[in-house]
Amino acid sequence: MKKLVILSLLSIFMVSLSCRDSEKTKEEQEHERTIQKIDSLENEIDEINQRVDQISDDVEETVEDIN
Amino acid sequence: MKKIVTMSIVASFLMLGLNQGLAQSNNQEKKEEVREKQMDKADKKADKAVDKAQKQRDKNKDKASKENQGNAYGKDKGDMTGREFGQHRAEMARNKLEESRARINETEERISRSRLQINTAREALEESRKERKMTDEEIKEREQRILEADQRVRELETALNSSRERLQRTERELMKLNIDIE
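Protein chains in written order, with the numbering used here: chain A, 2 to 68; chain B, 206 to 387.
FYI, nobody ran anything at the bench for these hints, they're computed from the structure.
Just so you know, not all the hints are guaranteed correct.
[Stated by the list, open to error] With beta-carbon atoms standing in for the labels, derived distance ranges:
id, chain 1, residue 1, chain 2, residue 2, range
1, B, 219, A, 3, 17 to 25 Å
2, B, 373, A, 33, 24 to 32 Å
3, A, 47, B, 339, 44 to 52 Å
4, A, 7, B, 286, 32 to 40 Å
5, B, 359, A, 23, 52 to 60 Å
6, B, 238, A, 66, 31 to 39 Å
7, A, 58, B, 238, 24 to 32 Å
8, B, 373, A, 34, 21 to 29 Å
9, B, 286, A, 58, 38 to 46 Å
10, A, 47, B, 288, 24 to 32 Å
11, B, 241, A, 23, 22 to 30 Å
[Said to hold, decoys possible] In the EDC-like style, the derived pairs of lysine to aspartate or glutamate whose C-alpha atoms are separated by at most 16 Å in a straight line are:
id, chain 1, residue 1, chain 2, residue 2
12, A, 38, B, 378
13, B, 338, B, 328
14, A, 38, B, 376
15, B, 338, B, 348
16, A, 25, B, 237
17, A, 38, B, 296
18, B, 381, A, 40
19, B, 381, B, 296
20, B, 242, A, 40
21, B, 335, B, 348
22, B, 242, B, 284
23, B, 381, A, 31
24, B, 242, A, 33
Remember, predicted model here, so these are calculated numbers, not experimental data.
Backbone N, C-alpha and C fix where the C-beta goes; we use that ideal spot for every residue, glycine too.
Just chain A, with the same shape it has in the complex (with noise of 0.2 Å):
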């Protein structure tokens, strides 16, 4: 009787240090994504950047033409 509950301790034991494992590396991956998808939208405003420092230049060009 009492190796049953000894090993139904330990057994409950085990199993609640595994999960609470787990939700910590579900925690760091929502992490993970957050800062990747951070990643991409500082890529998406560098490319607005050069998109408009290329605009930019064509109206400084465009007024040169006609002056």
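Dock chain B against chain A, hints included.
Leaving out everything else, chain B in the frame of chain A:
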């Protein structure tokens, strides 16, 4: 017999605890290493963006955009948690977004100035036509160039508007992420 069973159970508990501790510390080290690398990468990217923006500012001699220099790129981040790191990266992205918005406004002003210049050129041409300072051929040629410039500026204005909309979409997505982080 009972003593042996109890001892072995206690020993297995201890082993399990030790293993968990070791695994966690190893895991932590690896995570910190990865985070450190990500931080370096992010900082390099941010520094590059700041340099580029600085060059642009120098080129345009725009005093207003200098306010955007105060960002959190160089701050101490030795023991940041995943959440803190996410917030740090989101802050950097927000700074970049502000910079981009300033650039768009700058370009819009440039377009307005070019419209004025085109109008001035048109008026000057009209005057030349009245006072017969130019031949008909010269006037026609000049008229054509002004028309082309006007069309080009309109096209560029449309392109700038779509860039602005794209930036707004990006901003909305970034805000959604911020809600998740904060």
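Exercise. Is it true that the CA of residue 38 of chain A sits at most 16 Å from the CA of residue 376 of chain B?
Worked result: 12 Å, holds
For this session: Using the Cβ atoms, figure out if residue 47 of chain A sits within 44 to 52 Å of residue 339 of chain B.
Result: Holds, since residue 47 of chain A and residue 339 of chain B (Cβ atoms, about 46 Å apart) stay within the stated range.
Exercise. Does 21 to 29 Å hold as the CB distance between residue 373 of chain B and residue 34 of chain A, or does it fail?
Worked result: 23 Å, holds
Problem set entry | Range hint 24 to 32 Å (beta carbons of residue 47 of chain A and residue 288 of chain B) holds or violated | 25 Å, holds
For this session: With respect to the beta-carbon atoms only, verify the hint that residue 58 of chain A and residue 238 of chain B lie 24 to 32 Å apart.
Result: Once the Cβ atoms are compared, 42 Å apart, the range 24 to 32 Å for residue 238 of chain B and residue 58 of chain A is violated.
Exercise. Given the proposed pairing of residue 25 of chain A with residue 237 of chain B, does the C-alpha separation stay at or below 16 Å?
Worked result: 15 Å, holds
Exercise. Taking 16 Å as the top limit, are the C-alpha atoms of residue 338 of chain B and residue 328 of chain B close enough?
Worked result: 14 Å, holds
Exercise. Quick one, are residue 242 of chain B and residue 40 of chain A close enough, alpha carbons at most 16 Å?
Worked result: 14 Å, holds
For this session: Given the range 31 to 39 Å, decide if the beta-carbon distance of residue 238 of chain B to residue 66 of chain A lies inside it.
Result: 55 Å, violated
Exercise. If you draw a straight line from the CA of residue 242 of chain B to the CA of residue 284 of chain B, is it 16 Å or shorter?
Worked result: 13 Å, holds
Problem set entry | Hint consistency between residue 242 of chain B and residue 33 of chain A [alpha-carbon to alpha-carbon, up to 16 Å] | Distance of about 13 Å is within 16 Å: holds.
Exercise. Going straight from one Cα to the other, do residue 381 of chain B and residue 40 of chain A come out at no more than 16 Å?
Worked result: 14 Å, holds
The structure is inconsistent with the numbered hints 6, 7, although it conforms to all the rest.
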